[in-house]
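Residue numbers (the working numbering), protein chains in the order written: chain A, 2 to 340; chain B, 142 to 571; chain C, 191 to 517.
These are calculated hints, taken from the structure and not from any lab test.
Hints are supplied without guarantee of correctness; some may be wrong.
[Said to hold, decoys possible] Here are the in silico distance ranges between beta carbons for each label pair:
id, chain 1, residue 1, chain 2, residue 2, range
1, A, H306, B, G396, 40 to 46 Å
2, A, R310, B, L410, 24 to 30 Å
3, A, Q152, C, R299, 22 to 28 Å
4, C, D289, B, S371, 45 to 51 Å
Note that CB positions come from ideal geometry on N, CA and C, so glycine has one too.
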Amino acid sequence: MTAAEPLITLETVSKRFTRKLDVAERVARGFGARIQEQTVHAVDRVNLTVHKGEVVGLVGESGCGKSTLGRIVAGLHKPSEGRFLYKGVPVEQLQRRDAAHLALAIQMIFQDPMASLNPRLKAGQIIGEAVGAHKLVPRAEQKDYVAQMMQRVGLDPDYRARYPHQFSGGQRQRIGIARALAVKPEMLVCDESVAALDVSIQAQVLNLFMELQQDFGLTYLFISHDLGVVEHLSDRVVIMYLGRVVEQAPTAELFAAPNHPYTQALLEDVPRLEAGKRRFHPIKGEIPSPMDPPPGCHFHPRCPHAFDRCRVEQPALEEIAPGHFSACHLNSTPRPEQS
Amino acid sequence: MTIQETQVQDEVVPPAKDTPFRRTLREFAASRVAVVGAVVLLLIIFAAVFAPWIAPQNPYDLNEIRVEHSRLEPGAAGRADPESQSLPVPISGEGESGRETLELSGSVPFESAEASWEWVAPERVAVSLDLQPEQNLKTLEQELRVEGLPRGAELSVGEKHDFRNFWLVAPDEITAFEVQLPEGHEGGFELEIRAQQAEGEIEQVYWLGTDGQGRDMFSAILYGLRISISVGVFSGALALTIGLVVGLTAAYAGGRIDALIMRIVDLQLSFPAILVALLLLAILGRGPDKVILALVIAQWAYYARTARSAGLVERSKEYIEAARCLALSRWRIVLRHMLPNCIPPMIVVGTVQVANAIALEATLSFLGLGMPQTEPSLGLLISNGFDYLLSGRYWISVFPGIALLVTIVAINLVGDRLREVLNPRMRRDE
Amino acid sequence: MSEPILQVDRLQTHFETHSRPVKAVDGVNFTVRAGEILGLVGESGSGKSVTGFSIMGLVDHPGRVVGGSIRFDGQELVGLAGEQLRRYRGRRISMIFQDPMMTLNPVLRIDTQMVETLQAHQDISREAALERCRESLKMVGISAPEARLRNYPHQLSGGMRQRVAIAIALLNDPELIIADEPTTALDVTIQSQILAEVQRLVEQKGVAMILITHDLSVVAGLADRIAVMYAGRIVEQGPSDEIISAPRHPYTSGLIASVPSRNQRHQRLRQIPGMTPSMTHLPEGCPFHPRCPKAQDLCRSEPEDTWEGPRSWRCHFPVGKDESIWS
């Protein structure tokens, strides 16, 4: 895996969303109302490298910035800070042709199969639109090409003239996958791509993802809250909490020896399909609002091992074993007596 | 709070021919009131479009309007001018008697006439007329007029006109009379007898009465509808286009452009539409083009606001992100993806706004600022009839009013149903 | 064993549509005892939620309970209406929804809503009611009930709202709680907190619970018994351990086999082929037969429930012990 060249690299990438005050609010503030511009650090100085042919799982709960990070990778958001490198070249320095190539090279598969399809276009149009717009195949062959794509994702090409609402949830997701595949991408960003599907359909779509990876040598950034799915698919797992990466490791190692207390809590809390009554030992506290994250280590208010340093100093992401990174003060400080 | 059908219907795969349009149509038809509204509206639009072929009269053509027929009640018959005939009786020189078949002009009331005369005294001649058919004498309205008498001559029947030189004779006395010529009269002379029918032929029945100028109200309403609806639709279509472009631009561009556009919209919306339109027309003057311009300026902001909010909703959907991910051009995303999905709410606003435009135009015309007198819209018709309302001639005002009311109610019924069918929040699936 | 508090017998709930009736629930039998959690598991359109709504008497037009009986503590609920139904709904039976905002009114403060809920069913003073509210909030693990009572729903996080919704469901000391996907919208760590509270409450108060979910693994460690629904029918039910470790119905077996953790990492997952059937065009006989690897001609006729001790399945060719049918 290390031999593979990096496909994309994010260097200390941040994304902030600021809601500017409108006129009325500015006037109100003039009169002394306590209104402030609200800034969300959706992604906070994240480093991430995805190698060619690799499947990276990105896990976290709501507000952790995993979807924002995915959209940065897919080119839908511009990072507020930091650099985005494609095959080792910063995107601003890419040649025109390479930039055009990159625009299609990373495609996204969305969570909601209905919302991600234009309800007024037919399946064939949805899949073929970008192919036609970018003239990827000759016009005369376009129809066959679309049929080929539909077949590849397990859809009957005869359904090309149907509208999205005439398909089932699983079929809609397949249309979304065919649409992405049609522009011959190198990498797919899957944002909770099976979360909205029925349980019996999830396995079908996951299998499709795995087949496609083998057939096309695709690279995946697989974003999910479902640890089971991520464990099954990924080579490497990245755990995020409130905009920051807290742990990153090869899949087997992460599930066998989670280092960060948050990762440990996640693994503990995930529902398991096992016989026998289960005792829940949930981690306490709520997920803080990303608008007002706690100082120091974001996780410290919920962490059972938190000590003074955690409340003031942000832990750095450090390599604790080959390829295994964790951002926790416990790794550099001897564990205090009380826990 | 109940279970929606979503849960049950989620995996239902509808038949292949089920296009969004058909589905909308089917759901629309589920409401009987809305269907009635749609049928009425279609009838009204049909009547307005084909008014020149349906209307018995062209109310703008002064040649077709008869001032004599003004203010007729609903159901009154409109008659042509009664026809008249002149019978020239050439009476030859003194002492002779003669008989002549008269040359008739016109076809009514008599088909043929013969006159015979006899000089009964040097200055006195007896005339008798044989008119066929005889019974038509009874349909004559008034006295026949006997002209061409020598000055000072007198008839044995009828009466002389107060100051002009002809006599008026009752129909039953015309068949035989004597003429007393003044002394010293010599030679023959030619009498001319004019007969006029009591009533003209019925040209048309004014089912809805006539107005002060003698216009057929039914025709005037059809033409008025034509004007009102076309002004409403034209201004609506223009305002919708402008609003759509402006609103989608604001939604897609966001930031400062959005803020600027929406402040202008807010400003515009803070004035009542009627006030804006009144001001504009006061400056521009009357005329259909100016009315349309005023309505567009008064209403584009409604469309822009709707287009923007619909655009924002669509823009945040994942399929727009997908389109951006596929590196499709901005224009393509706006025109092919955002625009078609913003149309349903625009249609809803459009129907309501067209109804408003029609009402607004009627108001302006009623106030005397809208359409010119030569092209009366419904509002102007109502206004014209308003003066007669208190004198009991209700129909001049009331019937155009009803037409306006029915039109607006029908549009609103259709619009309300469209809102239910097209509003995403009330939708059952998607 | 105690008498069941709820007995559902051959329940049928149908929806009128413009083509043909949708048999959302078609002949469902199950019982729940006090202090027991029944996990009702199924995919979208399986009729699991409609079953819950039917028990609550919340099925509205075009839906209707057309057959069967729902006996609660000996009283037949089918056909009850108005005041009689209200004596049960909200008081002795309460419901928790996936979206807590189904329970919470966004414009009212929490205390107002909770006191109203209490006073709607019993004659109680405001002070006494408030005291009960505090108790109830503490019971669902809210540490500062006084502060929460003065909040509006929008001031609370998703997990907190769901806790409050559960507290409201508990107010009138119900004997049965129907929880419809109570943790589906929540994050993993919060879900775990809520499930822990649910487990504690059922044990402490001896209340019966029907936990409706699409996720078998949520109920696996929590429910005493599991009933699996497919196309409006319960295809299999029995004690959780036995269902999870030795499913008899091919559908249950497929659901369990396709879970990633039961598959070799990076290898193809075992999967159920095909798609969830359309409720308006159900296959003849056993509705699962077009997707079933064990299906034979006999499966075109509808199987009956087969009972074996506490377990039942509705299948002509049940899966044997250690038999692996999915690939």
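Evaluated hints:
Separation of H306 (chain A) from G396 (chain B) is about 45 Å and conforms to the stated range, judged on CB atoms against 40 to 46 Å. For R310 (chain A) and L410 (chain B), the hinted distance range of 24 to 30 Å is not satisfied, since their beta carbons lie about 57 Å from each other. A hinted range of 22 to 28 Å for the beta carbons of Q152 (chain A) and R299 (chain C) is inconsistent with their spacing of about 58 Å. Distance hint check for D289 (chain C) and S371 (chain B): the Cβ-Cβ separation is about 49 Å, which falls inside the suggested range of 45 to 51 Å.
Figure legend: structure checked against the earlier numbered hints; hints not met, in rising order: 2 and 3.
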